[in-house]
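Colleague: Generate coordinates for the entire structure from the input sequences, incorporating the hints supplied.
Line by line, the protein sequences are chains A and B. So in my numbering, the last spot in the first sequence is 828, and the numbers never skip. So in my numbering, the last spot in the second sequence is 387, and the numbers never skip.
If you're looking for bench data, these hints aren't it; they were derived computationally from the structure. Just so you know, these numbers come straight off a predicted model, no measurement behind them. By construction, the Cβ of each residue, glycine as well, lies at the ideal position given by its N, Cα and C atoms. Hints should not be assumed to be uniformly reliable.
[Claimed, not checked] Selected chain B positions facing chain A (Cβ under 10 Å, derived; list incomplete): (1) 93; (2) 189; (3) 200; (4) 226.
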Amino acid sequence: MRPALLVLPLAAFILVTFVAPLAVMLGRSLYDPLVADALPETLRLLRQWDGERTPSEPVFETMAGELLKARRERTLGRIATRVNRVQAGLRSALLKSVRKLRSAPRPDSWREAMIAVDPKWAEARTWHAIRRAGERFTLRHYLHALDLDQAPGGGIVRQPPDLRIYLPLLQRTLAVSLGITLLCLLLGYPIAYLIANAPPRRANLLLLLVLVPFWTSLLVRTTSWIVLLQTQGVINDLLAAVGLIAEDQRISMIYNMTGTVVAMTHVLLPFMVLPLYSVMRTIPPLYMSAAASLGASFLQAFRRVYWPQTLPGVAAGSLLVFILAIGYFITPALVGGQSGQLISNMVAYHMQQSLNWGLAAALGGVLLGGVFLLYLVFNRLVGVDRMRLG
Amino acid sequence: MLLLSPILAGGGPLALAESLTMVSWGGSYARACEKAFYEPFTEETGIEVREEDYNGGLAQIRAQVETGNVHWDVVDMNMADAVRGCDEGLLEPIVPGDLAPGADGTPAGEDFFPGSLTECGVGTLFYSTIYAYNLEKFAEVKPSTIGDFFDLEKFPGRRGMRRTPQVNLEFALMADGVPLDQVYAILDTQEGLDRAFRKLDSIKDRIVWWEAGAQPPQMLADGEVAMTTAYNGRIFNAQVLENQPFAIVWDGQLLDMGQLVIVAGSPNLQAARQFLSFASTVRSMVAVGRYISYSPARQSGTALISTHLETGVDMKPHMPTAPENVAGGLQYDWEWWSDHIDEMNLRFIAWLLR
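Modeller: Encoded structure:
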């Protein structure tokens, strides 16, 4: 009873601030009632449609009525946005039709009037799209997040090549995160070794040098890299001044992938150094001396005695850096330019710009699933219980 | 708290002075509007104008309206966004009676240039997207056509472009030799679109993207780019106020109109309507043209264009609507863009990431 009470405040906090929003957001990726609520009669009539020929007059009349009502209630824009996400180009067909129908007198045939405004109304795939946009529960967002789409007649097809965005970006994100993890390991391992084996006073000083950037604001560190790396920045100025590069051939080191990798490696380095250090500190230096006294060369001793003992730290640091890198947003947004963008920046784009929260949630879901899968593989290969975080 | 609540609820003499939030494009343009009509409006009505900047688009307004948390009142936007925002129910319809007659007494409905009054927007100014270069960079052979912007061999150096498909696709087609009157017809086809992106591809790795209108003059001054697309007024201000060695190429300019709109559910609707009538008078429009080279959206204002207030420069030849500047230019087709912006954005992002 007592232990349960002790964790209760934290559990409640996590439930309210973490689990609940996450569940609501993931729910959005599957549930979207907007179109179904706005066009109930049209969708009901479309259920009896044969799916091949242009629907009959009653369908057009009902839809025109419901669209004009939506225009009055100011929900038309959101409906058009939803339908347009199922099939690009339908937003204009919808808005244009309503704009024209509103100002014209009541037509004899809604069917002919709407087809006259936009010939898309005569195509079957338009009506398939409206039917699909009217589904309350949908896997559409997950298909889109994987660059797939539902064909009008059912079945799943790949998006046309000039609209494939997310899979290449996901691959890029994975590759960059792996690269950054490797860089952090290469840079962090020697430093951690140095700190773990230095005399206490020097070790404290070195540790402070790792911790001060760790405690410094992320924004300050990222913008400092802009000052250093930009075309008219410190490094380019220096190279140009000593004559290594010509004045008009300054190197682009920021607002591209180089900027993203450099800044992120710097930001994430402490997450590698600290677990490594905490593991290395517990390895007595005598082990290496013992190996040497038994005739092992330094490399042999390192490989067979020291390295295996640091593995829990390597695993912890790598996993930490990798998982942080894969969802990193602010640094690529600031210094990534176009080529240095990662999947998280597309999530932000759909949250803030296109307001396609369903797709943003689905992208988050894909990322979450991916990380979980990698964690399982990692657990299988290294074993999470062997990991030491500090 | 208990003591204060009746006062806060009752308003009356203790209520705070009225105010409204005006959202515009920042930099020298917002400063010009501030002098030309924000400050005179406050003087005349006592209503305070709070300023905010944005870089165009409907996303922020859509987020405010959809979450029911509207804190913007009046927004300065381009035609395509104003029409689309209206269709989506994000903007308040204009009350025609709010608009004052022209300088010569012509009723407002006839005084505005045709097409500049829309259901939810009042046209205020003509502005254009042009490209400009640094004279120091190209001292001997000077770029003069829209094709030169895409010619990296003749005119090497980085190019600045706004990070949107709008304007850039038109520039690409014009540079590729498409006649002005066919640009939108060709853009409307899949092959035409591919052709525009192929043209952009040819300079892609030399493009530096900008978002805010204040960036391009800065990028030119810093030597970050050799030439850049920009709003004509921003380059003009850098020329006359900062003596920057910039030159504007009017060939292929894309002429558009700025509109003032009121956000649906604006918390200060009355003040916003009052502000809109004030801002859409000929006097206000002509006043803006004394600070920055944008010309009035009303016919009776054209004759009143005068000089730059600070330097005395004659503004007429610097206006995007001056006959010699209009000659090689294109009228921005807001209807095409309000219908296609979503697909274009998606395709543009996919292209950027490739």
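Colleague: Next, verify each hint and record whether it holds.
Modeller: Each hint, compared with the structure:
no. : hint : in the structure
1   : 93   : holds, 8 Å
2   : 189  : holds, 9 Å
3   : 200  : violated, 18 Å
4   : 226  : holds, 9 Å
Checked against the numbered hints given earlier, this structure breaks only hint 3.
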